[in-house]
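Enquirer: The lines below spell out each chain.
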Amino acid sequence: MDLHTALGPLQLRNPLIMASGTFGYGWEFRDFLDYSRLGGVIAKTVTIRPRKGNPPPRTCETACGVLNSIGLPNGGIDEFLRVGLPYLSRLDTCRIASIAGETVDEFVEMARRISNQGGADAIEVNISCPNVKKGGMAFGADAPATEQVTRAVRAVCAVPVIVKLTPNVTSIGEIAAAAQAGGADIISAVNTFLGMAVSWPDARPMLGNIVGGLSGPAIKPLALRNVWEVARSVDIPVMGVGGIVTGADVLEFMTVGARAVQIGTASLVEPTAMERILSEMVAELDEHGFSSAEQALGRFKPSQGPSCCR
Amino acid sequence: MPERFSRRSVEVLENREIATGHFVTTLGDAQMAALSRPGQFFQVRLRNGAGPFLPRPFSMFDWYRDDSGSVAGFKILYKVVGEGTSRLSRLAVGDSVALTGPLGNEFEMPGEGRRVLMVAGGIGVAPFLALARACVESGVHGERMELLYGARTAGHLVALDEFRQLGVGVTAATDDDSGPRRASALALLEERLATFSGDDRPVVYAAGPTAMLEVLSRLCRRLELDAQVSLEARMICGFAVCNSCAVRVISPDSEQGWEYKLVCRDGPVFNACSLYVDR
Ligand SMILES: Cc1cc2nc3c(=O)[nH]c(=O)nc-3n(C[C@H](O)[C@H](O)[C@H](O)COP(=O)(O)OP(=O)(O)OC[C@H]3O[C@@H](n4cnc5c(N)ncnc54)[C@H](O)[C@@H]3O)c2cc1C
Ligand SMILES: Cc1cc2nc3c(=O)[nH]c(=O)nc-3n(C[C@H](O)[C@H](O)[C@H](O)COP(=O)(O)O)c2cc1C
Ligand code: FES
Chain B
149 MDLHTALGPL QLRNPLIMAS GTFGYGWEFR DFLDYSRLGG VIAKTVTIRP RKGNPPPRTC
209 ETACGVLNSI GLPNGGIDEF LRVGLPYLSR LDTCRIASIA GETVDEFVEM ARRISNQGGA
269 DAIEVNISCP NVKKGGMAFG ADAPATEQVT RAVRAVCAVP VIVKLTPNVT SIGEIAAAAQ
329 AGGADIISAV NTFLGMAVSW PDARPMLGNI VGGLSGPAIK PLALRNVWEV ARSVDIPVMG
389 VGGIVTGADV LEFMTVGARA VQIGTASLVE PTAMERILSE MVAELDEHGF SSAEQALGRF
449 KPSQGPSCCR
Chain G
54 MPERFSRRSV EVLENREIAT GHFVTTLGDA QMAALSRPGQ FFQVRLRNGA GPFLPRPFSM
114 FDWYRDDSGS VAGFKILYKV VGEGTSRLSR LAVGDSVALT GPLGNEFEMP GEGRRVLMVA
174 GGIGVAPFLA LARACVESGV HGERMELLYG ARTAGHLVAL DEFRQLGVGV TAATDDDSGP
234 RRASALALLE ERLATFSGDD RPVVYAAGPT AMLEVLSRLC RRLELDAQVS LEARMICGFA
294 VCNSCAVRVI SPDSEQGWEY KLVCRDGPVF NACSLYVDR
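As you go down the protein sequences, you meet chains B and G in turn.
Residue 458 is where the first sequence ends in our numbering, and the numbering goes up by one at each step.
Residue 332 is where the second sequence ends in our numbering, and the numbering goes up by one at each step.
Derived by calculation from the structure, the hints in this document are not laboratory data.
The structure displayed is predicted, hence computed values, not measured ones.
Each residue gets a CB set at the ideal place from its N, CA and C atoms; glycine is no exception.
It is possible that part of the hints are untrue.
Only pairs whose alpha carbons sit at most 25 Å apart, straight line, appear in this in silico DSS-like list of lysine-lysine [stated by the list, open to error]:
(1) B/200 x G/314
(2) B/281 x G/132
(3) B/200 x B/282
(4) B/200 x B/281
(5) B/282 x G/314
These stretches of chain G come out as covered by chain B in the derived footprint (C-beta under 8 Å, 3 or more residues) [stated by the list, open to error]:
(6) 254-266
(7) 280-291
Far from chain G, some chain B residues (derived; all Cβ distances over 12 Å) [as the list claims (entries may be wrong)]:
(8) 170
(9) 219
(10) 342
(11) 351
(12) 356
(13) 382
(14) 393
(15) 415
(16) 419
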């Protein structure tokens, strides 16, 4: 099976990428995964200054998913350049850094420094974290701000720029188009969906931050709709993210327009999930007579009416 | 053999209800068992088609030896409180579960000649049998070890015989009148500490409800006790990726006086004096 995946300027061994925040910087998964069998990895989002993260409890299980209000704890860009990036850069796969700023200047400074140091094959611009007070989703919810930050990062970055979108907007297609207009090479869709959980007997929130972002299989249909909409709104390649736990899930995202996918929560609850999902995907493709992963791309045929497969 | 934790599908060798609502499940993985140290935990995933999405963390309760006497697995002790523990309790011999572990740090063993006081609130007793066994194996006499065990009712006092078999002195109490006496685990501790002289100070190990451990932490600071506590926190991964399991630990160097540590990596065992308690 030919799994080679061209993702704009990036050439991947296969379309499966570890999502940001669910992978760390590389060492946490070293005993579980053979990185040379992954399409790529995205490091935990870094910020200019170190962040402690949000007050606990930070997560809460929900039906087929999990809410998190982690709040981007990280050691800051200096530590990332000193420790995280050197480790990441030695992994035998496509290595992507992720940044989140409170201002355009912060995005620019981090992108420039990562790009200058080298070791990352691309930079993902996280304008979609629902768990931080400043920056984060505020950029990703506004088309002009999305275009502005994308353009500014693009100007200082020698490697491809990926813009990661939030689904917590009225029209994700407009935001995607703004990212494209700003010069994004690739779009990731989507980050987590804002949600909450409460305990009614004591009338208290389940999360220290009250609200959080939902991930896991619970969001797959929502993410799929967002990815389809994004793919229809732009010409640049799209990475689908959200609720993927099986090989068939991957192929569904590829069918509606994703060229590659990211897998997050699945790897947290099952550290070897990437290997399983890859072999399931190959088996599915095989069974349906496909000889390459790229053959599965963008085959969506809504005009032929609904499926009678299930 | 892997140096660190691994992930495998592991067979249930035995599943036994040892008291109402309390189960001991024996899991047959010799390598994981051989790597496990007292205080460490395992992530148990119970999703097999249906079942909860997140894995459930459980402490290593004891090693399991087969008929030839070699370590062939390990046991977990748990109380049924929700869907995950309920599913676990209904597994049959031969069923398998997805296990990741052993995870986290371990109890520091008591120094030579030190007395050991294990303070358990309710199901907090779970990590102490392995600790007691490891102490015995490292030469600590059973009579130098005590379990001070408080639970809601007599029905919630479990595994007492296992501790007694190791020679551990057991003092048990309950919140109601169903047990040997009415007291909390902390009250038992304070009472016992009063009888120690200055040069025979015990090492204290504690696990149980957060409120109990917070009070114990204050007590330890006041009395300058050498104490280790095992903490719980909501988890997703269990191997230091997701940052879910943060707890506040005293840090004089930081602005606020505390910093976050991860229960799954820096714990579950912490120095009792280092817990940061808001109220
Ligand atoms: C390091 C560690 C070791 C533990 N060791 C033991 C043990 O040896 N024996 C034992 O009986 N219990 C132990 N617990 C608690 C045990 O994990 C919970 O009782 C169990 O997760 C409950 O799952 P449930 O589906 O039955 O309950 P539910 O209440 O339905 O669970 C809902 C969610 O809350 C989480 N949750 C519920 N209670 C706790 C808790 N106390 N701590 C952390 N997360 C919780 C669950 O994991 C799940 O994600 C330990 C917890 C931790 C963190
Ligand atoms: C615990 C946790 C932490 C996350 N941290 C980040 C992060 O730092 N940066 C980011 O861009 N996305 C982060 N995400 C979002 C994921 O990368 C992903 O977009 C989302 O979880 C949906 O995919 P999934 O259902 O496969 O997890 C995080 C998600 C989780 C569950
Ligand atoms: S549970 Fe994921 S970091 Fe501790």
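Enquirer: Mind checking, does the segment 280-291 of chain G have 3 or more residues with a CB under 8 Å from chain B?
Expert: holds (count 5)
Enquirer: Holds or violated: is the Cβ of residue 415 of chain B farther than 12 Å from all Cβ atoms of chain G?
Expert: Check fails; 8 Å does not lie beyond 12 Å.
Enquirer: Check whether three or more residues of the segment 254-266 of chain G sit with their beta carbon closer than 8 Å to a beta carbon of chain B.
Expert: violated (count 0)
Enquirer: Was residue 419 of chain B rightly flagged as not at the interface, with every chain G Cβ beyond 12 Å?
Expert: violated (5 Å)
Enquirer: For residue 200 of chain B and residue 282 of chain B, compute the direct alpha-carbon distance and say whether it is at most 25 Å.
Expert: holds (15 Å)
Enquirer: The output says residue 351 of chain B does not contact chain G. Does that hold with a beta carbon cutoff of 12 Å?
Expert: The assertion about residue 351 of chain B holds, with a minimum of 19 Å to chain G.
Enquirer: Please check whether the beta-carbon of residue 356 of chain B is more than 12 Å away from every beta-carbon in chain G.
Expert: violated (9 Å)
Enquirer: Compute the least Cβ-Cβ separation between residue 382 of chain B and chain G, then decide whether it is above 12 Å.
Expert: It holds; residue 382 of chain B is separated from chain G by about 30 Å at its closest Cβ, greater than 12 Å.
Enquirer: In terms of Cβ atoms, is chain G entirely out of 12 Å range of residue 393 of chain B?
Expert: Residue 393 of chain B is in fact no farther than 12 Å from some Cβ atom of chain G, at 9 Å.
Enquirer: Is the hinted pair residue 282 of chain B and residue 314 of chain G satisfied, with a Cα-Cα distance of at most 25 Å?
Expert: Holds, at roughly 24 Å.
Enquirer: Take a quick look at whether residue 281 of chain B and residue 132 of chain G sit within 25 Å of each other, Cα to Cα.
Expert: violated (39 Å)
Enquirer: Would the non-interface assignment of residue 219 of chain B survive a Cβ cutoff of 12 Å against chain G?
Expert: At roughly 8 Å from the nearest Cβ of chain G, residue 219 of chain B sits no farther out than 12 Å, so the non-interface label is violated.
In terms of the numbered hints stated before, the structure departs from hints 2, 6, 8, 9, 12, 14, 15 and 16, listed from lowest to highest.
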